[in-house]
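Asker: Sequence:
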Amino acid sequence: MTQYEVNAEAMGKASVDVARVRDQLVGQLNSLRGQLEPLQGQWKGEASKAFQTLMRSWGEQTLKLNNALGVISDQLGQSGKSYIRREQQATEGMSSIRAGLEGL
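For the sequence shown, the working numbering begins at -19 and goes up steadily by one.
One thing to keep in mind: the hints can contain errors.
Claimed, not checked - Subject to a maximum C-alpha distance of 25 Å in a straight line, what follows is the list of computed PhoX-like cross-link-like pairs (lysine-lysine):
1. Lys44 x Lys29
2. Lys44 x Lys(-7)
3. Lys(-7) x Lys61
Said to hold, decoys possible - The following label-pair restraints were derived from C-beta to C-beta distances:
4. Gln55 x Asn10: 21 to 27 Å
5. Lys61 x Gln41: 38 to 44 Å
6. Ser76 x Val(-14): 38 to 44 Å
7. Arg66 x Ala30: 50 to 56 Å
8. Ile64 x Thr33: 45 to 51 Å
9. Gln41 x Ile64: 45 to 51 Å
10. Lys29 x Gly7: 25 to 31 Å
11. Gln(-17) x Lys29: 54 to 60 Å
12. Lys(-7) x Met35: 53 to 59 Å
13. Tyr63 x Pro18: 45 to 51 Å
14. Ser37 x Lys(-7): 30 to 36 Å
15. Lys29 x Asp3: 46 to 52 Å
16. Val1 x Arg66: 24 to 30 Å
17. Val(-14) x Glu17: 41 to 47 Å
Since the hints were made in silico from the structure, they are not lab data.
Even for Gly, the Cβ is constructed at its ideal location relative to N, Cα and C.
Generate coordinates for the entire structure from the input sequences, incorporating the hints supplied.
Answerer: Now the structure itself:
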C-alpha cells in the first residue's frame, strides 16, 4: 500500500519554486518572441500568413502554460497553509480531550 507524507514546508517551497520557474519561462519566451517577431518582415505572402498564425497560436499556448503554472503555484501554497490549519485544529482538539480526561 502506498503511503503519502505531507510536509507543509515542502509545499510552500514547491509553490515558490513553481512561481520562480514560471517567471523564468516567461522571460525566456518573451526573449524568444523578441527574436522571432522581426522575421515577420522577412516573409511575404502565404509564408508570412503562416508565420503570423503560428505566432498567434504559440502566444495562446504559452499563455495557457503560464496560467496553469500560476494555478499550480497558488494551489500548492494554499494546500500548505490549509494543512497547517488542520494540524493546529487537530492538536487543539487532542488537547481539549486530554484536558477533559484529566478532569475525570
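Asker: Evaluate each hint against the coordinates.
Answerer: Comparing the hints with the structure gives:
no. : hint                         : verdict
1   : Lys44 x Lys29                : holds (23 Å)
2   : Lys44 x Lys(-7)              : holds (23 Å)
3   : Lys(-7) x Lys61              : holds (12 Å)
4   : Gln55 x Asn10: 21 to 27 Å    : holds (25 Å)
5   : Lys61 x Gln41: 38 to 44 Å    : violated (31 Å)
6   : Ser76 x Val(-14): 38 to 44 Å : violated (23 Å)
7   : Arg66 x Ala30: 50 to 56 Å    : holds (53 Å)
8   : Ile64 x Thr33: 45 to 51 Å    : holds (48 Å)
9   : Gln41 x Ile64: 45 to 51 Å    : violated (35 Å)
10  : Lys29 x Gly7: 25 to 31 Å     : holds (29 Å)
11  : Gln(-17) x Lys29: 54 to 60 Å : holds (55 Å)
12  : Lys(-7) x Met35: 53 to 59 Å  : violated (35 Å)
13  : Tyr63 x Pro18: 45 to 51 Å    : holds (48 Å)
14  : Ser37 x Lys(-7): 30 to 36 Å  : holds (34 Å)
15  : Lys29 x Asp3: 46 to 52 Å     : violated (33 Å)
16  : Val1 x Arg66: 24 to 30 Å     : holds (28 Å)
17  : Val(-14) x Glu17: 41 to 47 Å : holds (45 Å)
Checked against the numbered hints above, the structure breaks hints 5, 6, 9, 12 and 15 and satisfies the rest.
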